[in-house]
Amino acid sequence: GENVEQHPSTLSVQEGDSAVIKCTYSDSASNYFPWYKQELGKRPQLIIDIRSNVGEKKDQRIAVTLNKTAKHFSLHITETQPEDSAVYFCAARATSGTYKYIFGTGTRLKVLA
Amino acid sequence: SQTIHQWPATLVQPVGSPLSLECTVEGTSNPNLYWYRQAAGRGLQLLFYSVGIGQISSEVPQNLSASRPQDRQFILSSKKLLLSDSGFYLCAWSVGGHHSNQPQHFGDGTRLSIL
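Chains as they are written, first to last, in my numbering: chain A, 1 to 113; chain B, 1001 to 1115.
Keep in mind that the hints were calculated from the coordinates and are not lab data.
Every residue gets a Cβ at the ideal spot worked out from N, C-alpha and C, and that includes glycine.
Warning: the hint list may mix true and false statements.
A few chain A residues that don't get close to chain B, going by computed Cβ distances all over 12 Å [said to hold, decoys possible]:
(1) Glu-15
(2) Thr-24
(3) Leu-112
To give an idea of the chain B side of the interface with chain A (calculated C-beta under 7 Å), a few residues [claimed, not checked]:
(4) Gly-1043
(5) Leu-1044
(6) Leu-1047
(7) Asn-1101
(8) Pro-1103
(9) Gln-1104
(10) Phe-1106
(11) Gly-1109
For the chain A half of the interface with chain B, some residues (derived, Cβ under 7 Å), not all of them [as the list claims (entries may be wrong)]:
(12) Tyr-32
(13) Pro-34
(14) Leu-46
(15) Asp-49
(16) Thr-105
Working from the sequences, and respecting the hints, build out all of it.
Written out as structure tokens, the structure reads:
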């Protein structure tokens, strides 16, 4: 079945450094890729998404890149701050023939002050 | 704008007792609705999804069931809870249909503890 692999499972960076989280998906029909941030005890919140007709999207310190040929997409956070500490989930969805979002297993990001 | 409400926020139940968690969405019609469970420190496990009133798809065999009695209402139930049912239950919605490239939006979740 469809699968999304996410790496690394944990990531520690110094405040001000960059963080990169990578995901690989299996369903070549996937063409929508959201990223969620989940703080401890809270709901996952959408932080950025990308659609298959775009290779890169940026929103202030957050960017997402997509390589459809390799079936990879990545989240880049620059100038990290302590409030970026959370669990990040990637997801993939094919916009035809399915209603499901396939989630990665999550990355726990810790930004060290 | 659209909002999603989930209740209760926390629940402590004895083993063998019944369960009913409710989720409602406002500001949209004919949404796709989803129930997820998240064990402590783990990922999101899809339990059920619904694309319309009375239409329920089950992803994982278990002692839970779901119902959608109204367009924007999604209920998660159990007749007899097990210890393994403990977890953080999240309801989510997305724009209806299967041609949508829109995100899911999550409710605030219900933290369920089974004693």
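Status of the hints after comparison with the structure:
no.: 1; hint: Glu-15; result: 24 Å, holds
no.: 2; hint: Thr-24; result: 15 Å, holds
no.: 3; hint: Leu-112; result: 20 Å, holds
no.: 4; hint: Gly-1043; result: 5 Å, holds
no.: 5; hint: Leu-1044; result: 5 Å, holds
no.: 6; hint: Leu-1047; result: 12 Å, violated
no.: 7; hint: Asn-1101; result: 4 Å, holds
no.: 8; hint: Pro-1103; result: 4 Å, holds
no.: 9; hint: Gln-1104; result: 6 Å, holds
no.: 10; hint: Phe-1106; result: 4 Å, holds
no.: 11; hint: Gly-1109; result: 5 Å, holds
no.: 12; hint: Tyr-32; result: 4 Å, holds
no.: 13; hint: Pro-34; result: 4 Å, holds
no.: 14; hint: Leu-46; result: 5 Å, holds
no.: 15; hint: Asp-49; result: 6 Å, holds
no.: 16; hint: Thr-105; result: 5 Å, holds
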